[in-house]
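Novice: If you want the building blocks of each chain, they are given just below.
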Amino acid sequence: MTRLHFTPPTWRRFAPPALAFVLVAALGAALLRPKDTSSGTGDPLLGQTAPTFALRTLDGGTLSLAQLRGKPLILNFWASWCVPCRDEAPLLREVSEQQGGGGLNVVGVLFQDPDQGRMRKFIADYGLAYPNLLDSDLKTSINYGITGVPETFFIGADGLIKSVDRGGLTRERLSAGLKTIGVTF
Amino acid sequence: MPVLLAVLLSASVLAASPAPAPLTPLQQAQVSRIGESIRCPICRDVLPITESGNDISHQMLAEIRAQTRAGQTDNQIYAYFRERYGQRVLLRPPVDWAGTLLWALPVLALLLGGGALLRYLAGQRRAAGVDSLAAADPALNAEDPEDPYLAEIRAQVQTARERRGGT
Amino acid sequence: MLNLISFSSSPLAALGQIGMLLALAFTLAGLWLAVLGGLRGDPRPTEAARRSVWAVFAFVSLATAALLSALLRDDFSVRYVAEHSMTTSPTWVKVTSLWGALEGSILLWTWLLSAYAFILSLTLRRDALRPWALGAMFVSLLFFVGVVAGVASPFTPLSQIPLQGQGPNPALQNHWMMAVHPVLLYLGFVGLSVPFAYAVAALITGRLSDHWLSVTRRWTLMAWVFLTAAIVAGGWWSYETLGWGGYWAWDPVENASFIPWLLTTAFLHSIQIQEKRNLLRGWNIWLIVLAYASTVLGTFLNRSGIVQSVHAFAGGPVGPVFLGFLALLLIGGVALTAWRTPRLRDLGEAPAPLSREAAFLAGNWLFLVFSAVVLLGTLFPVIVEAVTGRKSSIGAPFFNTFSVPIGLGLLLLMGVGPLLPWRRADGESLLKALRLPGGAGLLAALVALVLGVRSVAVLLTLALCAYNVAGLASLTVRAARQRGNFAALLAEQPRRYGAYTAHLGLVVLALGLAFSGAYKQSSETTLNLGQDKQVLGNTLRLESLRQANYAYGSSAIAQIRVDGTLSTPRMNIYAQDPGTTFPTPAVRYSVLGDTYLVTTAIDDKTGKWASIRLIKSPLVSWIWAGTLIIVLGAGVTLLSPARPAVRKVTGGAVAAD
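Residue numbers (our numbering), protein chains in the order written: chain R, 1 to 185; chain C, 186 to 352; chain L, 353 to 1009.
These are computed hints drawn from the structure, not numbers from a lab. Predicted model, so just to flag it, every value in this text is computed and none were measured. One or more of the hints may lead you astray.
[What the hints assert, rightly or not] When the alpha-carbon atoms are kept at most 35 Å apart in a straight line, the in silico DSBU-like pairs for lysine-lysine are as follows:
| hint | chain 1 | residue 1 | chain 2 | residue 2 |
| --- | --- | --- | --- | --- |
| 1 | R | 139 | L | 743 |
| 2 | R | 162 | R | 139 |
| 3 | R | 139 | L | 960 |
| 4 | L | 872 | L | 960 |
| 5 | R | 179 | R | 71 |
| 6 | L | 872 | L | 957 |
| 7 | L | 885 | L | 957 |
| 8 | R | 121 | R | 139 |
| 9 | R | 121 | L | 960 |
| 10 | L | 743 | R | 71 |
| 11 | L | 885 | L | 872 |
| 12 | L | 960 | L | 885 |
| 13 | L | 885 | R | 139 |
| 14 | L | 743 | L | 872 |
| 15 | R | 139 | L | 872 |
| 16 | R | 162 | R | 71 |
| 17 | R | 179 | L | 743 |
| 18 | L | 957 | R | 121 |
| 19 | L | 957 | R | 139 |
| 20 | R | 139 | R | 179 |
| 21 | L | 743 | R | 162 |
| 22 | R | 162 | R | 121 |
| 23 | R | 121 | R | 71 |
| 24 | R | 179 | R | 162 |
| 25 | R | 121 | R | 179 |
| 26 | R | 139 | R | 71 |
[What the hints assert, rightly or not] Chain R stretches covered by chain L per the calculated footprint, using a threshold of three residues with CB under 8 Å from any CB of chain L:
| hint | region |
| --- | --- |
| 27 | 25-32 |
| 28 | 143-152 |
Glycine included, C-beta positions come from ideal geometry on N, C-alpha and C.
Chain R extracted, bound-state conformation:
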C-alpha cells in the first residue's frame, strides 16, 4: 500500500522542533543571566547567627566570637597565596583604621595556609593591624561554607550575618556590605 504523500499529524511535525526550541531557550536563559557571585542572595548563611569560633591568633593568643559581640564585625577569610586577597587588603586596612576605634571590628581568618612566614610578610606588606586567626583544623571554614578565598562576612552587632561577599571586595561591595551592618564607609 503506497501513499504518495504522507503527512503525519500536526503535533508530530511541530513537537520535536518545539522541544528543541525550549531546550535552546533554557540554555539561552542560563547563558544570558548575569553571574551573581558576590551578593549571595541565596546564600544559606544569610540572616543566620554567625557560627561561633575560638581560634588562635598569629601572636599566640586566642580570640573567640563571643569576645567580639556587641559591635559590627567584618570577618574576612584569606590566604597568603591568594592573589585577589592582595587587591582587598588595602581596602580592609583602610576601613579598619577608619572605624577601628569604636564602631567596627575587623578580623581575618587564614584558610589552608601552611606558611606562617609568607603570612607575616603579607600582613607586614599591607600594614594590616587587625587580628588574624589561624583556622588550622578548618572547622570554622566549614561552618562558614568557605568555597575559596577571599570570602567576607558582614556580621551585625546582634551576631547575625547580614551580608556575604564571595567574589572579592571592591570599594563598592565593601560599602554595600558595611551598610548592612550599619557602618558608613
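Knowing the structure of chain R, use the given hints to seat chains C and L on it.
Specialist: Just chains C and L now, kept in the frame of chain R:
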C-alpha cells in the same frame, strides 16, 4: 542554634577522645556513601570529597566520621552540610519538585521508549506467515552468510521438531 | 570585532587574519553556490562550490600555519601567543598551545572541519545529494570560520608587545596526553559533520541510496573510532595526572563528549538494519542529526562558561554565537528532520520481536535512554539555576544509579545479538544457542561468589562478560572449523569478526570498569626518609627527595621503593603559576592491578619526609587495553571483504530509491 549544637558536639567528640574507637563496617560504609555524595567545596570540578586531596575535603570527611560515630543518620549529616554550603555541596539531586522530576524523567523515558519499541515490533505484519528465516533471502546471504553454528542449531531443532511431529 | 590588520606590527598576525577573512569569503561564496546548484540542479555552481572548499581549506591551513609558526618562534606580537605561550616552554608544549586555549582550539576545530570538507569534496559522487551535502558542510564551516575570523580571533593586534608571554595553563603542560586527546576528540566530533551533511542532503532531496548508506556508515565509523579513543584517552589522562586514581568524574564537559558517542554507537547498529532490511530510514536520520547536534551542544557548554568545570574555557563573546549555531542546528535540523523524514517511508514489514533487528533496536532504546540520563544530569544544575536561581550539583550518585543497570542491559543485548538471526528467530533455536553462554555466565558468577566477590554489580558484570565471551567463542570456533582457516574467515567477513573483536574489547573494558570501581583501595600516610612503612600490604621506603630546576619551572622528585621497585612521583611547579603544585603520580601498570603513588606534600625545608597517597586499583589497565581492542575491531570492520570463491547470487536486488 542547631549549628552551634553541632559544632559543640563535634568539638567535644574530638576533644574528649584522644584515640577514637575504629568504625564498624556498617559505619565505614555510611562514611563512604555520604562522602561520595558531598562535593569538594573548593574544587572547580564536580568531585566528591573522597576523591579530592585538599585539606578542607579531609576535614569534611573527618567531620562525617565523627558524626557517624555519634550515630547521626545520612539525612542529618547531609542537612549539616547543606546548612553551611547550600544545596550545591550535595552531589545528590535536591529533595524538591525539580529533584523528583530529575529522578522520574529517565524512568519515564525508559518506559515510554520501551512502549514505543514494543508497539513498533508488534505493528503491521502481513497476515500470511512469511517463512522469513535468513536462508530464504539470497541477496542477504551473500554479504552476510548465516553463521554455521546457528545453522547447525537450527537444523538440530528442525529435526527434533519433525521427529516429534511424527512425519 | 573588526580587526585592524597591520603588517608592520605583526606580519604573522596579519597573515593569519587575512587567511581567515579570505576563508570566510570563500565559505560564504561556496554556500551560495552550493544552494544555487542544488536548487537549479545545475552542475556548474556545484562544481564551483566544490572548488571553494579547496580554497577554504587552503586559507584556513594558512592561518593555522601562521599561528603555529608564531608559537614556535615565540612571536609575541600575535596576541594568542603572548597570552598562552612563553619562551621557556618546551617545544612540544608550544605546539600543543595551539589548541590549549579558546581561540586556538576553535581554529584547530575549523582546520579539521575544512580538511574533512576537502576530503569530502574529493570523494563525493556526482549525484543529486552533492550540492546539498556541500551546502551543509558550508553552514558548519560558516560558523566556525566566522567565529575565528571575528569574535574569537587569535590574531587581534596588541597595543604593546611583551617580552615574555603569560604561558600556557600549567595543567595542560603536565602530561604528554595534551598532544593527543584534544586532537583525537576533535577528529571524532568533526567527523560527524560529514554524515550529518549527507543526512541533510538526503532530507532536502528526499532521496536515499545504497551509496548514501555505505558512505555514511564508513564516515560515522571512522568518527566513532576517534571519539572512542579520545574519550578513553581523556580518562587515562585524568588517571595519570589528577592524583586520585580515578578516570571519570561525570564532569559536564566529559558528559558532553559521551552523549555523541552514545548516539553514534546507536546509529552504527541501527544503520545495519537499514542495510539489511531497508527499514528505519527516518529513524537513522534522526540519530545522526541528534548526534551532530549533541556535538555542537557539547562545544557550546564547553565554551560558553555556563558550566563549572576545569575543562571549560572561560566564557566570553563566543557563548552567544555558539548558542546561535546550536539554535540553528538543533531547531532547524530537528524541524527539517521532523518535516521531511515521513517522505522516507520504510519499504518493508516491521521486524519480528525475536530477531537481530529487535536486539539492535532494544540496544538503541537503551543508548537513547542513557543519553537522556546524561543530558538531564548535565543540564539540570544549569537550568535550575537559570529558572530558580538555586545552585545544585549532580554527580556520580545520580549518574551511576542509571548507568550501571543500563550498562548491564547493554552487555546482555550485546551477547544475545550475534546469536539471533536476521528477520526472525526461532525461540527454541535461541534457547539452545543460549545454553552455553548462559551456563558460562552462571558458572563465572558462582566462582566469583565462592572467591569472595559480594558486589551485585560486579557479579552481574562478570556473568554477562563470561556469557558474551562464550557466545562469541562458540560462533567463531564453529565457523573457523567449518571454513578451515581462521584468517580466510576473517578476510571474507571482516565486518562480522571486526564487530566481534570490538565487542570483546568492550567486555574487557567493562571488567576493568567494574573491578576498579568496586575494589579500589586508597591510603594516605607520611613517609620518613630511610624508614620502611607498611601501606596496604606493600612496604614503602622513601629513599631520597630532591629538587630539579628547569627553564619552565621546577620539580620535587621523590624516590620511593615500593616492595623493592623504584617509583618516582613528582610534584611540579610551573613558572607561570608559582603558587600551585601539579603532581605527576608514579603508576606501576600490571595486568592484575595498578599501584599508583602520588606525593601530596613534601618537607621542602629539610627534605626528611614526604606525604604520599597509595592507591591500588585492580584491572584498571583493562580499560585501556579493552579500548585498543575496540579500536582494532572497528578498524577491521572498515576493511573490504575478500570475495569468496563462490559467485555472488545477483537475483533480488535490494531496493534503492
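Novice: The structure should be examined with respect to each hint, and the outcome stated for every one.
Specialist: Evaluation of the provided hints:
1. A C-alpha spacing of about 23 Å is found between residue 139 of chain R and residue 743 of chain L, which places the hinted pair at or below 35 Å, so the restraint holds.
2. Distance restraint check for residue 162 of chain R and residue 139 of chain R: the Cα-Cα separation of roughly 21 Å lies within the 35 Å cut-off, and the hinted pair is therefore satisfied.
3. In summary, the hint linking residue 139 of chain R to residue 960 of chain L is supported, as the alpha carbons are separated by about 29 Å, within the 35 Å threshold.
4. Using a Cα cut-off of 35 Å, the hinted pair residue 872 of chain L and residue 960 of chain L holds, with the two alpha carbons roughly 29 Å apart.
5. A C-alpha spacing of about 14 Å is found between residue 179 of chain R and residue 71 of chain R, which places the hinted pair at or below 35 Å, so the restraint holds.
6. With a C-alpha separation of about 33 Å, the suggested pairing of residue 872 of chain L with residue 957 of chain L holds against the 35 Å cut-off.
7. Annotation: proposed proximity of residue 885 of chain L to residue 957 of chain L holds, straight-line Cα distance about 22 Å (limit 35 Å).
8. Of the supplied pair hints, the one linking residue 121 of chain R and residue 139 of chain R holds, its CA atoms being roughly 25 Å apart against a limit of 35 Å.
9. Taking the CA atoms of residue 121 of chain R and residue 960 of chain L, the gap is about 26 Å. The hint holds against a cut of 35 Å.
10. For a cut-off of 35 Å, the pair hint linking residue 743 of chain L to residue 71 of chain R stands: about 32 Å separates their Cα positions.
11. Note on residue 885 of chain L and residue 872 of chain L: the hinted pairing holds, with a Cα-Cα distance of about 20 Å set against a maximum of 35 Å.
12. Proximity of residue 960 of chain L to residue 885 of chain L is assessed by CA-CA distance (about 15 Å); at most 35 Å being required, the pair is judged to hold.
13. Annotation: proposed proximity of residue 885 of chain L to residue 139 of chain R holds, straight-line Cα distance about 30 Å (limit 35 Å).
14. Among the hinted pairs, residue 743 of chain L with residue 872 of chain L is consistent with the structure: their alpha-carbon atoms are about 31 Å apart, no more than 35 Å.
15. Distance hint between residue 139 of chain R and residue 872 of chain L is fulfilled; the C-alpha atoms sit about 29 Å from each other, no more than 35 Å.
16. Proximity of residue 162 of chain R to residue 71 of chain R is assessed by CA-CA distance (about 13 Å); at most 35 Å being required, the pair is judged to hold.
17. The hinted pair formed by residue 179 of chain R and residue 743 of chain L meets the criterion: a straight-line CA distance of about 27 Å does not exceed 35 Å.
18. About 18 Å separates the Cα atoms of residue 957 of chain L and residue 121 of chain R, which keeps this hinted pair within 35 Å; it holds.
19. A threshold of 35 Å between alpha carbons decides the hint, and for residue 957 of chain L with residue 139 of chain R the separation of about 28 Å falls inside it, so the pair holds.
20. Distance check on the hinted pair: residue 139 of chain R and residue 179 of chain R sit about 29 Å apart at the alpha-carbon level, within 35 Å; holds.
21. The hinted pair formed by residue 743 of chain L and residue 162 of chain R meets the criterion: a straight-line CA distance of about 20 Å does not exceed 35 Å.
22. Between the alpha carbons of residue 162 of chain R and residue 121 of chain R the distance comes to roughly 31 Å, so the proposed pair stays at or under 35 Å and holds.
23. Taking the CA atoms of residue 121 of chain R and residue 71 of chain R, the gap is near 29 Å; set against the 35 Å cutoff, the hint holds.
24. For the hint linking residue 179 of chain R to residue 162 of chain R, the alpha-carbon distance of about 10 Å falls within 35 Å, and the restraint holds.
25. The straight-line distance between the Cα atoms of residue 121 of chain R and residue 179 of chain R is roughly 31 Å, inside the 35 Å bound, and the hint therefore holds.
26. Proximity of residue 139 of chain R to residue 71 of chain R is assessed by CA-CA distance (about 24 Å); at most 35 Å being required, the pair is judged to hold.
27. Interface restraint, the region 25-32 of chain R with chain L: holds (7 residues with C-beta to C-beta distance below 8 Å; minimum three).
28. Counting residues of the region 143-152 of chain R whose CB falls under 8 Å from any CB of chain L gives 0; the rule of at least 3 is not met.
Violated hints amount to a single one, hint 28; each of the other numbered hints is respected by the structure.
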